[in-house]
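Engineer: Next come the chains, spelled out residue by residue.
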Amino acid sequence: MLQQVLEGTEASSIVVIEDCVDHDGRPVFHCFCSQLAKRCESVHLFHLENPAGVFLEGANISKVHIHDGFSDPLQWEEQNRDPSADKIDLVSAPDFLGHLKRTPVKTSLVAVVIDSLTPFLQNYPGYVICRALQRLLRARLESDGIEVSQVVAGFHGDLHDDSTAAALRHMATTWVQLQEGAESPTQGGTGFHGNCEVLHRRKSGKVIRQAEVYHISPQWSLTSRVQKTPVRPVAQVEQEAQVDPTANLTFNLRLTDTEKEARSRVVLPYMHHHRKKAPNKPAANPGGQIFYQPDDVDDFDEEDPDDDLDF
Amino acid sequence: MEDSCVRGQFVLISDSLTDGSFLIHHFLSLYIKGGWKVCLLALAQSFGHYNAVGQKLGVPLTQAREKGQLRFIDGLKCSLQMYTCAPQEGQGENPLRALRDKKATLRPLYDLVKTQICSEEGVLEGPTLLLVDDLSVLVSLGVSAKDVSDFMHYCRVLMCPTQQGYCRVLMCPTQQSQGAIVSLVHKDADVEDEENSTLFRHMAYHGTVHLAVEGLSSGYSRDVHGQSNLY
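These protein sequence lines are chains A and B, in that order. With my numbering, the residue at position 93 of the first sequence is 132, and numbering never jumps. With my numbering, the residue at position 6 of the second sequence is 8, and numbering never jumps.
The hints are simulated quantities; they were obtained by calculation from the structure and are not laboratory data. Ideal Cβ positions, reconstructed from N, Cα and C, are used throughout, including at glycine. Please note: incorrect hints may appear among the correct ones.
What follows is a set of in silico ranges between Cβ atoms, one per label pair, in the way DEER data are often shown [unchecked claim]:
| id | chain 1 | residue 1 | chain 2 | residue 2 | range |
| --- | --- | --- | --- | --- | --- |
| 1 | A | Asp61 | B | Phe24 | 52 to 58 Å |
| 2 | B | Asp76 | A | Ser202 | 25 to 31 Å |
| 3 | B | Asp76 | A | Gln173 | 37 to 43 Å |
| 4 | A | Gln161 | B | Thr164 | 20 to 26 Å |
| 5 | B | Ala191 | A | Glu298 | 55 to 61 Å |
| 6 | A | Gln114 | B | Phe24 | 46 to 52 Å |
Please take these sequences and the hints and turn them into a complete structure.
Structural biologist: Have a look at this one:
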């Protein structure tokens, strides 16, 4: 499914790649940048966490429009700011569509890649970001002059709470949660491989969730396949030999059924049970009774020197 | 890790149940000996402490400071001044005024770092290392993990703007980045500090190399003090 979404054979309007500290999502993100630059007329890269060059190796750079949110996201470098440059800042609410409209080249088949949503979510509530993403997808060529075919966004799952993740997951048509990953040194360079869980919603309403294994070549092409669950052998129930302690004895330790029933009916001393009190002994406390339940560690003294204990 | 000064790298040192500050002294002496300009943002110790250790490592920090090779920012003194001085006694110029003013950010601290290591045009003058010891102190004093992350983001843009580091093929030193960053974050496994854990995760995303220092799983040993993992 991941490979189909990447290649465009499976339609998906919003793809979110969730990674964490232990499983870096940048290689998968890089593959999306590279593939979208091949099959789309224009790719808009909003980069806030990494320099743009990190994701452009092997991509057709002429199709990529870079929106810089990396060099000065909080406007701390006022003296170096170029007013003509289209830069992303976190001081004002995110307006992805506004940045797309300001680009001189207007095409119909546009892809938007966002690295990543985390800086926006750190500064604004989740619904503001969701609304900005929705505006992107609702843009029409006739009214806005631009139409977005796919949005790919990165999301660091370990930096946000569950409610934010749930809101984004509800909006995304494909959610890729990376679970394991490592480098794959090969002769031509270094690739990557890993496991992920893909949650994909089709327009028909069908929801597909599957675990997949992906491999990224040094040329940034990604292949994936469904992960086969390992067949676990049926657990063999071991028949433990039950040792009968009452066997092979010179005396009898077994009880008959009647003896077992009599044993269960034996009233144990000093235990709480319902019985009639002696008529010549008034109740010590007419308002309530004390029932003594000894613990294992109680050192119960059976002697009653004052003869005032009523058992 | 190779014992050489590498440009364009953001080295994150984390320690758990041990003290990883020995790596701060190691990198300080390594880069001073390598002829780099070093800016030490000291939040945990005084200059005397680093100088004493540096002398044992054969690096006289006092001379390096007088020559201008070492720029020392006394964050420890600044943080103390924020808590001991009255507001009208110059807290307005203190780079760590975010400690008292919750609306303030660490932008003044970034401006101070930039003036210490950059030329008037705002660019680095040769190979420069920014050494931060340590970031957990800021969180302990009440600065949010987000503000610390924003500060380190700007430091990263200043020191290594064209860093590339998630693929071994791309990890060769680039001529465009003149700087490097080494910072320490505490990550004690026996302390439940959500803000500090969030800070560590933020820094892990910023960093290109992660050196995790921890004690031995078998317990304390006289000869072997701990182990470190490189990610």
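Engineer: Against this structure, judge whether each hint is valid.
Structural biologist: Status of each hint after checking the structure:
Checked against the given bound of 52 to 58 Å, the beta carbons of A:Asp61 and B:Phe24, roughly 26 Å apart, lie outside it. Between B:Asp76 and A:Ser202 the CB atoms are about 42 Å apart, so this pair departs from the stated range of 25 to 31 Å. B:Asp76 and A:Gln173 have their C-beta atoms about 49 Å apart, which leaves the hinted 37 to 43 Å range violated. Checked against the hint of 20 to 26 Å, the pair A:Gln161 and B:Thr164 passes, with Cβ atoms roughly 24 Å apart.
Between B:Ala191 and A:Glu298 the CB atoms are about 59 Å apart, so this pair conforms to the stated range of 55 to 61 Å. Taking the beta carbon of each, A:Gln114 and B:Phe24 are about 38 Å apart, not inside 46 to 52 Å as hinted.
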